[in-house]
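Numbering (our numbering), first residue to last: 1 to 224.
Note that these hints are calculated values from the structure, not bench results. Honestly, I wouldn't trust all of these hints.
[Unchecked claim] Below, computed lysine-lysine pairings styled on DSS-like, alpha-carbon distance capped at 27 Å:
(1) Lys29 <-> Lys19
(2) Lys63 <-> Lys7
(3) Lys5 <-> Lys92
(4) Lys5 <-> Lys29
(5) Lys19 <-> Lys40
(6) Lys53 <-> Lys19
(7) Lys7 <-> Lys29
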Amino acid sequence: RQYIKEKHNLKMTQASLLKQLEKLEDDIKENAEKARQYIKENKRQLAKTYLRKKQLLEKNHEKRSIALHNIESLITSVDEAQSHGQILDAYKIGSKALQKALNDSGLKYDNVDEVIAEVRDTMETHQELQDTLANAGISDIAAGGADANDNDALERELQQILGQTGQTPIKSTNENANISKSAASGVPKPQITDAELLAMLAGLEVEDGSPRKSEASVSTAVAE
Numbered sequence: 001r002q003y004i005k006e007k008h009n010l011k012m013t014q015a016s017l018l019k020q021l022e023k024l025e026d027d028i029k030e031n032a033e034k035a036r037q038y039i040k041e042n043k044r045q046l047a048k049t050y051l052r053k054k055q056l057l058e059k060n061h062e063k064r065s066i067a068l069h070n071i072e073s074l075i076t077s078v079d080e081a082q083s084h085g086q087i088l089d090a091y092k093i094g095s096k097a098l099q100k101a102l103n104d105s106g107l108k109y110d111n112v113d114e115v116i117a118e119v120r121d122t123m124e125t126h127q128e129l130q131d132t133l134a135n136a137g138i139s140d141i142a143a144g145g146a147d148a149n150d151n152d153a154l155e156r157e158l159q160q161i162l163g164q165t166g167q168t169p170i171k172s173t174n175e176n177a178n179i180s181k182s183a184a185s186g187v188p189k190p191q192i193t194d195a196e197l198l199a200m201l202a203g204l205e206v207e208d209g210s211p212r213k214s215e216a217s218v219s220t221a222v223a224e
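Model the full assembly from the supplied sequences, consistent with the hints where possible.
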């Protein structure tokens with residue numbers, strides 16, 4: 001890059017100024033020594049000549065020092081600019097990489113807002129389904145209990161009708177089950193008395209239309 005070449009030129013100028021300053025410092029010391037020597041020899045005119053030369057060298061040294069300071073400041077600025085440029089390049093690379101990642105992943109404001117809306121709708125639909133299933137379960141349970149109550153009411157009404165017509169009431173399933181259990185458990189059946197047996201025989205004779213037997217003959221048969 002161009003700034004690299006310019007920085008190199010600044011470095012060369014810096015090195016040249018440093019050498020010039022070193023030589024000027026040596027010349028200043030040399031002229032100062034000569035001026036002191038001529039003062040000792042009481043050669044005042046020669047001493048003044050070297051003192052003037054020394055002063056000119058000191059002024060030149062001051063100018064070169066200022067120039068060197070400026071060159072060094074420029075070199076520092078170039079280094080900082082180079083560092084800032086590298087940082088800026090890093091920012092650019094990072095920005096491009098982030099933009100590419102966002103594009104590849106589809107992470108855009110509209111897309112994100114749409115996805116969030118879809119998720120919200122899905123959650124609401126799921127909640128509605130849960131509520132519907134919960135209510136349906138409660139209704140089924142209530143309906144089952146109502147069916148049982150209706151069956152009991154129908155059974156009672158049927159028993160009332162049978163009682164009014166003189167027919168034998170139909171026993172419910174539970175009663176039949178209880179009777180079966182009692183029979184299976186071996187409980188002895190109640191004994192029929194003689195009077196009950198005579199009444200049953202008399203009833204049979206009337207239904208069959210056969211001639212009525214005397215109570216004496218029936219009693220004799222029972223006694224036998």
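We went through each hint and held it up to the structure:
no.: 1; hint: Lys29 <-> Lys19; verdict: holds (16 Å)
no.: 2; hint: Lys63 <-> Lys7; verdict: holds (22 Å)
no.: 3; hint: Lys5 <-> Lys92; verdict: holds (25 Å)
no.: 4; hint: Lys5 <-> Lys29; verdict: violated (37 Å)
no.: 5; hint: Lys19 <-> Lys40; verdict: violated (32 Å)
no.: 6; hint: Lys53 <-> Lys19; verdict: holds (19 Å)
no.: 7; hint: Lys7 <-> Lys29; verdict: violated (33 Å)
Hint compliance for this structure: hints 4, 5 and 7 are broken, all remaining hints hold.
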